[in-house]
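Colleague: Chain residues, written in single-letter form:
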Amino acid sequence: MFSWDLLIGALVFGLLLGCFYAAVSIGLSLSFGLLDVPHIAHPSFLVAGAYATWWLAGFGWDPILAGLFLAPVFFVLGVVMYRLYYAMFEKHGSDAGLRGLAFFFGVAFIIEVCLILVFGVDQRLVEAVYIGKSIDFTDDLRIPMRLLVAFAAALLLTIGLTLYLGKTYMGRAIKAVAQDQIALSLMGADPVKVKQWAFGIATAVTAIAGALLIIIGPVDPQLGRIYIGRTFCVVVLAGLGSMSGTLVAGLILGVAETIVLTFFGASWAPAVAFGLLLVMLGVRPQGLFGR
Amino acid sequence: MKQGNPKNITRRAFVGAAVAATAVASTATFAQGAPIKIGLSIAQTGGLGAGGKAALLGLQMWRDDVNAKGGILGRKVELIVYDDQSNPATTPGIYTKLLDVDKVDLLIAPYGTNPTAPIMPLVKQRGLLLMGNFSFEVNERIQHDMWFNNAPWNDSVTWFSGFMEMGMKRGAKTIAFLAADAEFSQSLATGAKNLAKHNGLKTVYDQKYPPNTNEFSSMIRSIKASKPDVVFIASYPSESVAIVRAVNEIGVGSTVKLIGGGMVGLQFGPIMESLGSQLNGFVNYTSYAPEKTVEFPGLKDFLSRYAVKAKVEKVDPLGFYLPPFNYAIGQMLEAAIVATKGLDQKALAKYMRDTEHKTIVGPIKYQRNGEWANARVMMVQFTGLKDKDMEQFRQPGKQVILSPAPYKSGELKFPYEKARN
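As you go down the protein sequences, you meet chains A and B in turn. With my numbering, the residue at position 220 of the first sequence is 218, and numbering never jumps. Convert by adding 3 to the 1-based position in the second sequence; the result is the number in my numbering.
Bound conformation, chain A alone:
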């Protein structure tokens, strides 16, 4: 059933959903895209961020505010996590990637189990003034406010990270370590410290994205598994390490999924991410904005 109203609605919702996909992927773009750390536990950190947000929301905190408050805590967590990864794998040799993959896979499971032990298996939701309400543009076009919040947060995150990486000393050092860490160390900077700082930022971002995750919908300890495919797809589609590319890739995925879902059936929607990924890997392996 085609109608212009449905198409316009699908485009609008696709863009909003796409921004959310970008927000949950941007931390991975930093850790995997720039640092080459096979951070498969990224979605689990998102879910941990969502649960921490839920916990703070229980004291009356706004979810976004809770996400911002948690960001420094997650930053420290990220720094510790990277130090562990470095000491156990990266320091010792060239097969750090594969062993690191197993390490982060284990970390993901540990986070999942810890969440189950602490919070139980029940799904958790948060409440806020912008959840469960919409802005009515017309009777046929009502936009959920939670999607608008995710849209705004994703834009701010992307702009903030792009400015940070482009305009600050540490940001440029992070980009440099991604390009040539030996050259960076010859210039007197410690690549390990730069990388641990960058990994800390990537993890801090998951706290904010986790808050968005629980704003968008209910979370359970195993939700991270569903986001592994989508987040890696967005990062690869964008081109490893490109922040603005992550936003564009998220938007493409969101719009494509929503249009397929509206006009061709919801069952096809999950295939969109991997379909796009296959096409991109065939046509332009370095991604849309790849280095």
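Check the hints yourself; a few may be wrong.
In silico SDA-like cross-links for lysine to any residue, where the CA-CA straight-line distance does not exceed 25 Å [said to hold, decoys possible]:
#1 389/B with 275/A
#2 314/B with 54/A
#3 230/B with 58/A
#4 314/B with 58/A
#5 176/B with 138/A
#6 131/A with 387/B
#7 389/B with 246/A
#8 211/B with 228/A
#9 230/B with 134/A
#10 211/B with 58/A
#11 211/B with 125/A
#12 211/B with 257/A
#13 211/B with 54/A
Think of the hints as simulated: they come from the structure by calculation, not from any bench. For clarity, every value in this text was computed on a predicted model and none was experimentally measured.
Given the coordinates of chain A, work out where chain B should sit on it, guided by the hints.
Modeller: Frame of chain A; chain B shown alone:
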């Protein structure tokens, strides 16, 4: 004062004590023989985990009650439980292990349709009694005559007819279907579609979506555009929550007289509490609602004992949906073992088939297919709900029973847009 010979007394005492000890020992052996092992897998994690944990607590309460009385036929009851992670792929392996390694005496099926369906061929092949645990139509094709489901429904007709009739009485001519692409929801939706067609309802929207979808705005917009009179939804817990939210945000249009029907999760306390007023107006199935029209001996006592334990175990504090029916599984097994004086699977199955069982969820009589002969799928409408208040769900009038007739406690408020306010 005559003193007896201490040596003789000791000998007599020794013989007496030996005889007494033998008698006591034989009694003790009978009373404390090998435990009756009952095996099952039940979701403790994953999408069905919240329900599975509450269900298991109900079953454990039965075990504790029985063991406190001395067991069954003098044997204690032991539950051997594995977490199937809500994953149907794990259950055949778990049940094979329960049978071949753990050597259990009796089996209870996993909670839910999807994890149960894969073990049906195994139990039929081995000729085993299997107590179902809230699955739907899993025995439809297998036709295992030793299957007995604890869920208060039978087939899709018993489930959907009450919902559909409510719509048709209010002049509904069109219907929309939204169902997860999974065993339970597809079986339910297929039966519902056939029944709707048979009764002249025109399907204007029919969508199946992948399980664990969490954003439904686009689908709800499409439903709204198709202007249905009735919207039937068959979904799993996380999806049900996302659908309720999306409906509240996007709206489904003024034509919709009733919406809901087969949404799993809207019976779980934590989800109901979280959604609060967003549930108002939805009509959905359940197994029990605390209305004055529903009274079963022992149920209130069970629920009050359950509430205390649930707080400690951090599981669904209400426990209306699954725990009493899991306790009922235990009650039926206990009665069958006592009546047949053993664990012979065929004898137990015959007893199950031929008897009307007295349980805390009311009398249960089985049909040939192992489902309830007198199905009672309660369709309730959420009404007058506030946000952040778990206790309100213990009060009557919040989940008004619309069908079946013997339990009816109020009238349908419609259309949905009016009922939700």
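Colleague: Work down the list of hints and note, for each, if the structure agrees.
Modeller: Going down the list of hints, with the structure as the test:
| no. | hint | result |
| --- | --- | --- |
| 1 | 389/B with 275/A | violated, 45 Å |
| 2 | 314/B with 54/A | holds, 21 Å |
| 3 | 230/B with 58/A | violated, 39 Å |
| 4 | 314/B with 58/A | holds, 22 Å |
| 5 | 176/B with 138/A | holds, 22 Å |
| 6 | 131/A with 387/B | holds, 19 Å |
| 7 | 389/B with 246/A | violated, 41 Å |
| 8 | 211/B with 228/A | holds, 21 Å |
| 9 | 230/B with 134/A | holds, 19 Å |
| 10 | 211/B with 58/A | violated, 37 Å |
| 11 | 211/B with 125/A | violated, 28 Å |
| 12 | 211/B with 257/A | holds, 15 Å |
| 13 | 211/B with 54/A | violated, 36 Å |
Figure legend: structure checked against the earlier numbered hints; hints not met, in rising order: 1, 3, 7, 10, 11, 13.
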